[in-house]
Amino acid sequence: MSATATAVAELIRTHTRDGGTVVLVSHDTDFVDGVADTIWSLHQGRLTRSSRPLEQRNTK
Numbered sequence: 001m002s003a004t005a006t007a008v009a010e011l012i013r014t015h016t017r018d019g020g021t022v023v024l025v026s027h028d029t030d031f032v033d034g035v036a037d038t039i040w041s042l043h044q045g046r047l048t049r050s051s052r053p054l055e056q057r058n059t060k
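Just so we're aligned, residue 1 is where the sequence shown starts under UniProt numbering, counting upward by one.
If you're looking for bench data, these hints aren't it; they were derived computationally from the structure.
The model shown is predicted, which means the values in this text are computed figures rather than measured ones.
By construction, the Cβ of each residue, glycine as well, lies at the ideal position given by its N, Cα and C atoms.
Please note that the accuracy of each hint is not assured.
Beta-carbon label-pair distances, calculated as ranges [to be verified]:
no.: 1; residue 1: Gly45; residue 2: Thr6; range: 29 to 35 Å
no.: 2; residue 1: Ser41; residue 2: Ala9; range: 17 to 23 Å
no.: 3; residue 1: His43; residue 2: Asp18; range: 18 to 24 Å
no.: 4; residue 1: Thr14; residue 2: Arg46; range: 29 to 35 Å
no.: 5; residue 1: Gln44; residue 2: Ala7; range: 17 to 23 Å
no.: 6; residue 1: Ser2; residue 2: Gln44; range: 27 to 33 Å
no.: 7; residue 1: Thr29; residue 2: Ala7; range: 16 to 22 Å
no.: 8; residue 1: Ala3; residue 2: Asp33; range: 15 to 21 Å
no.: 9; residue 1: Thr14; residue 2: Gln44; range: 33 to 39 Å
no.: 10; residue 1: Trp40; residue 2: Met1; range: 28 to 34 Å
Let the hints inform the model, and build the full structure from the sequences given.
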């Protein structure tokens with residue numbers, strides 16, 4: 001992970017630990033798996049799945 005990605009991940013973790021909410025849009029599944037509590041997948045603008053990190057990959 002790049003230094004920038006590491007810094008952003010730490011900011012996200014700190015913010016959520018303090019009770020905040022983050023909506024993150026990314027195609028970088030490794031990064032998302034490292035910081036997300038819940039992952040929502042969209043396809044053509046429709047919600048297709050809601051899951052915990054890594055569950056998503058195991059059900060493809």
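task = If any of the earlier hints don't hold here, list their numbers in rising order.
result = Hint check: 3, 5 and 10 fail, others pass.
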